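Quick mapping for you: the protein sequence lines, in order, are chains A and B.
If you read the first sequence in this note's numbering, its first letter stands for residue 24, the second for the next number, and so on.
If you read the second sequence in this note's numbering, its first letter stands for residue 43, the second for the next number, and so on.
Note that these hints are calculated values from the structure, not bench results.
All of these numbers come straight from a predicted model, not from anything done at the bench.
Do not take every clue at face value.
[Unchecked claim] Calculated lysine-lysine pairs in the DSS-like style (CA-CA distance at most 25 Å, straight line):
1) B:Lys85 - B:Lys264
2) B:Lys425 - B:Lys351
3) B:Lys296 - B:Lys341
4) B:Lys336 - A:Lys90
5) B:Lys307 - B:Lys268
6) B:Lys336 - A:Lys137
[Unchecked claim] In silico contact screen, one side only, chain B against chain A (beta carbon under 7 Å); selected entries:
7) Ala168
8) Asp172
9) Ser236
10) Met286
11) Asp289
[Said to hold, decoys possible] The following label-pair restraints were derived from C-beta to C-beta distances:
12) A:Lys131 - B:Val146: 47 to 53 Å
13) B:Val105 - A:Gly130: 36 to 42 Å
14) A:Pro30 - B:Glu259: 18 to 24 Å
15) B:Gly352 - A:Ser77: 48 to 54 Å
16) B:Trp68 - A:Ser39: 52 to 58 Å
17) A:Asp81 - B:Lys341: 45 to 51 Å
18) B:Gln193 - A:Thr60: 31 to 37 Å
19) A:Arg46 - B:Ala64: 45 to 51 Å
20) B:Glu199 - A:Arg106: 30 to 36 Å
21) B:His141 - A:Asp81: 33 to 39 Å
22) B:Gln193 - A:Gln29: 40 to 46 Å
C-beta atoms are modelled at their ideal positions from N, C-alpha and C, and glycine is treated no differently.
Spelled out, the chains give:
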Amino acid sequence: MAEQAQPKKSLPKINSIDQAYWRGAVAGKLLLQKCTTCGKLQFFPRVVCVDCFSGELDWVEAKGSGKIHSFTWVRVPRNPAFREEAPICYVNLILDEGVIMESRVVGKGVENIKLGDRVKVIFQETHNPEIKLPVFELAN
Amino acid sequence: MRRKKVCFVGYGATEYSRKSEASALWYYAESIRQALRQTGLHKNDIRGFSITTQASPDYSPHVAEQLGLEVDWVLNGDYGGAGGVMSVRRAADAIEAGHVDVVVLVGGNSFDKSVSNQRPLEYQRANYVDVYGYGGPNSLMALIQRLHMEQYGTTLEQIGKIAVSQRENALNNPQALFREPMSLQDYLNSRMISDPIRLFDCVMPCSGAECVILASEEKTKKITDKPVYLVTDAEISHYQVANMLPDKTTFGMKVVGDRIFSEVKHEDIDLFEIYDDYPIAVMIQIEDLGYCKKGEGGKFVAAHDLTYKGDFPVNTGGGELSVGQAGLAGGFLHIVEALRQLRGEAEGHQVTKAERALVTGIGWLNYGHNLGTTAALVMERRK
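Just need the whole structure built from these sequences, with the hints factored in.
Here's what the structure looks like:
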């Protein structure tokens, strides 16, 4: 009998637009795009600045800290490979640089999470040694 | 956009089913057959056709979103080799009609393999959402509902009232998949899916189809003595897209509402078919449309009777929450229910005074923000 394929956790399919972001994550850096024309910061990575439409975008390292804007406890993850980790704390957070992100909060105290809680980024290993995922922990 | 000479002349609807093995094409055909029967039109009278279904890749709005364009007009110009000419034609129509004054038409392709083998223009969903084990749209709407509850004190009882009232509306709608009474307690006790979204906040996927037929006023007079006029309509895609600190509890429906109600008065609307993928989305749209202030949607629904017998009838046939969601049917359910009401054909759930209806549609959830596309129209019965 053929071996049953286990479902794998989703990994990013890195492309030319966001390659630098994922290289940063492996190196322990959370990168945002910064428009060199108007100075706007943005996330997720795109080919243009959403404000001035310039294509001249640079990468800057975020401090990696922010606060919880909203959160949900995912009881039924879409990908079954995540089911044993449910409930998953999926969040919107506002980075201190003033940019909204979606991510996950893990670690100590997460069961008591509330809006406004301070969080800081950590880089989680995946089954691919060349990819690390930025996730967040409560700061205190 | 004020309309004067465009009418709905009929509609068709199939049964909704969770067991059917019939093809999508069969459902499309059946809904059209029903409409032809109702109007007495022959197949050959149909001179235009549009299809909205899950197979549509939503290509053009995703390009717009990717490029950060907040737009009043968006079109899949996918007509093969005629795409350029056809797009110019459609754009000219839209400009003439006053929807938009600056349109950019783009054609092209790329052989970037890293992009082409994934859903190319929604890569952010794969790379920045899926990887964290999220639970689909339920999770994304849960983030919005929690914010609404925390910022404005909105309660589960207020949100649940929308689902419960719609169920009452569905009890006598033969098309509805759910026709058993549901209490507020049933709603509150339903299984948690992605806190605070519960099972009874979610729609049931199923098979089914609807269609509507539109005609010029002149043609309409030859087809039906129950004309329903399109009065006004508006849309916006990617409201707040360039804002990295978006207001998640305000949809583009606010802009749409301002446009709609520059043409008609709030009090002139007799019934509301409000796109209801979730009860909280209905509440937010009621606010955005200006029936109450932002954050007071909870108090508003508590103070009004939302059933077809009530003073603020919402989703009078049960909406998607109780009837079912036929694929991504795109809200044709809501348009057809409005037509039934205005034509006096909503047996068992007829609104007594049904002369003018508001119908809304909202589409998908953008990264970090809220709805991608929001749109609404007002229709009116005339003698």
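Non-conforming hints, listed in increasing numerical order: Violated hints (numbers, rising): 11, 14, 16; every other hint is consistent with the structure.
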